[in-house]
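Q: As a plain string of letters, each chain reads:
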Amino acid sequence: MTGSWTRFNIVSIVAGFAFLYLPIVLLVVYSFNESKLVTVWAGFSTKWYFELFNNRGLLDAAWVTARVALVSATVATVLGTLAALALTRYTRFRGRVLFSGMVFAPLVMPEVITGLSLLLLFVAIGFDRGFMTVTLAHITFSMCFVAVVVQSRLLTFDRSLEEAAMDLGAPPVKTFFAITLPVIMPAIVSGWMLAFTLSLDDLVIASFTSGPGATTLPMKIYSQVRLGVTPEINAVCTILIAIVTVGVIAASVLNKRREVQRRRDAQAAMRV
Amino acid sequence: MKSLGSIRRSFAPWADASAKPYISFENITKKFGDFIAVDNLSLEIFEREFFALLGASGCGKSTLLRMLAGFEAPTSGRILLDGQDLAGIPPYRRPVNMMFQSYALFPHMSVEHNIAFGLKQDGMPKADIERRVDEMLKLVKLEQFAKRKPHQLSGGQRQRVALARSVAKRPKVLLLDEPLGALDKKLREETQFELVDLQHDLGLTFIVVTHDQEEAMTMADRIAILDKGEVVQVATPAEIYEAPGSRFVADFVGTVNLIEGELKERENGVARIEDGQGLTILTEDAGDAAAGDRVWFAIRPEKLKVSAAEPDRTDSNAAEGEIYDIAYLGDMTVFHIRLDDGRIVKASTMNSARVSQELLTWHDRAWISFRPDAGVVLTR
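As given, the protein sequences belong to chains A and B, one line each in that order. Sequential numbering from 1 applies to the first sequence in the working numbering. Sequential numbering from 273 applies to the second sequence in the working numbering.
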């Protein structure tokens, strides 16, 4: 591709990136502000980061969020994978279309409705709201995302791999663990990461289903911001951004490296 | 039928009335919904035979193979292997192994682990597995590729890994589903002979499914030709080619000229066929056709002699026409000749000399002639 840097190109790129990243850059810059006022720059300082580590409320909330995300992503991955398997493998049972529709409905369901209906359910059965209820709610809505990711992998899965394993003497369960699972593992891992991220940044559903002692980080940030933004919040957000950025970059570097390796292998194979 | 002496065979259990078949398909029918893939088919295959199931796609040949492997259950009928009914035995307990068309190599395992997979399922001791894997790698000449993953191999190498994996367990029967389908022509021809040698060395029974008639002719001891879920003919390659049982077989395997006519009389072992347009054919092999029957005279292009001058007609059939098309294929030349009655016949001539003796060219007048034992009479 040959492109010249016309004035129009430069302007549109700057405008586009500014639109995407200016808010984030501001947030990061002001996390290093000396002043307590978020809008007035008073010199560089890292004191809000130290303050942050003394803020029990925020640290507790972060810990709750991490636990909820870990547990719900893991359970949702198991359930979502099973759902994907059932829907791709047993294509001839009665009401299959209805079932697959129902599994994927939460994808388009407004979060408010999911949250409210779960709240009503927990109240109706007298389930005390807390860590358990948030986790259950997160499993419910992230499971379908896992199912979508895994199902799309299974649709291109070569069934003759499983037949070959059985032909060579492996019973069905052994075949699943020795062949199917390792082959679709990358999809399962991305499903897990998706579920983990969804749980990490969910505010709406958590607000409905959480209770005392189980405040998640997004909820905590949101409630603090309503009392006025402090640079502490900026610091928390900067840390979160750093974690996400490192994760994304690491994943793409790994991917890239694997791709390069694969291409090199393919070329080596052709030469022989 | 007259015996065909072209290839003498020492291995021919199917001709021995006391020989017991190793695999029997008995009245097998397989339906997928309303579609009948296999229709009341019976077939017997003998131990150590290299057997080919040949047919166009959708003829039921792969379904037959998959039923033997245990991936599909017949709707009715039964399959016997060495006297044992296979009904209800899952694929992982059958003494057969299959080589898949897509090879189905496990992408996350190295070549040696792919080959060892089946042996591990049998609980073979580790040292024995290693020895067997080494043996298999040597057999398919892939020793230096043991640690590679399938995606690091070329198509031909993958094919050999798939082969090694499927024979590693020394199955009683090896099923091969279009084993050479994904290879290019040159490699395919080499591999055909390698497969035959391998089958001979290991002493296994091979059943190969293919749509490529040349492949089946080259490799198989016997060929079953399938059409619409039924067996049309089972015979050796030479019999299939020289004595096809029907027009379908004659046309499916190789090229053939079919001349429709009426059998007028049979006398002293010679039958006279007239096509009603002035062509009279005298032939020795008229099968079970009787005088008055509607028949098709089938003759292969290489059995027609092409000449510019009128041939001696005392001992052969002849007809005159005009050269309509010529295809030079290197080893031979195929002439398309329009006979004076408008019929087009194909005749091929081996190019045994570098320069053709008779320089026949487009629109020349030419004669075709053939001996009375050159063709066969078909009634179906």
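These are calculated hints, taken from the structure and not from any lab test. Among the hints, a few may not be true.
Quick list of simulated restraints, FRET-style, between CB atoms [said to hold, decoys possible]:
#1 Pro367(B) / Arg94(A): 51 to 61 Å
#2 Asp394(B) / Pro110(A): 47 to 57 Å
#3 Lys174(A) / Glu319(B): 46 to 56 Å
#4 Lys174(A) / Pro367(B): 13 to 23 Å
#5 Leu82(A) / Ala289(B): 18 to 28 Å
#6 Ala289(B) / Tyr90(A): 32 to 42 Å
#7 Val189(A) / Ala345(B): 50 to 60 Å
#8 Lys174(A) / Ala345(B): 14 to 24 Å
#9 Arg652(B) / Asp158(A): 46 to 56 Å
With a straight-line Cα cutoff of 30 Å, these simulated DSSO-like cross-link-like pairs (lysine-lysine) come out [claimed, not checked]:
#10 Lys392(B) / Lys256(A)
#11 Lys174(A) / Lys398(B)
#12 Lys392(B) / Lys410(B)
Just so it is clear, CB atoms sit at the ideal spot from N, CA and C, and this is done for glycine as well.
Q: Can you name, in rising order, the numbers of the hints this structure does not satisfy?
A: 1, 3, 5, 6, 7, 9 and 10
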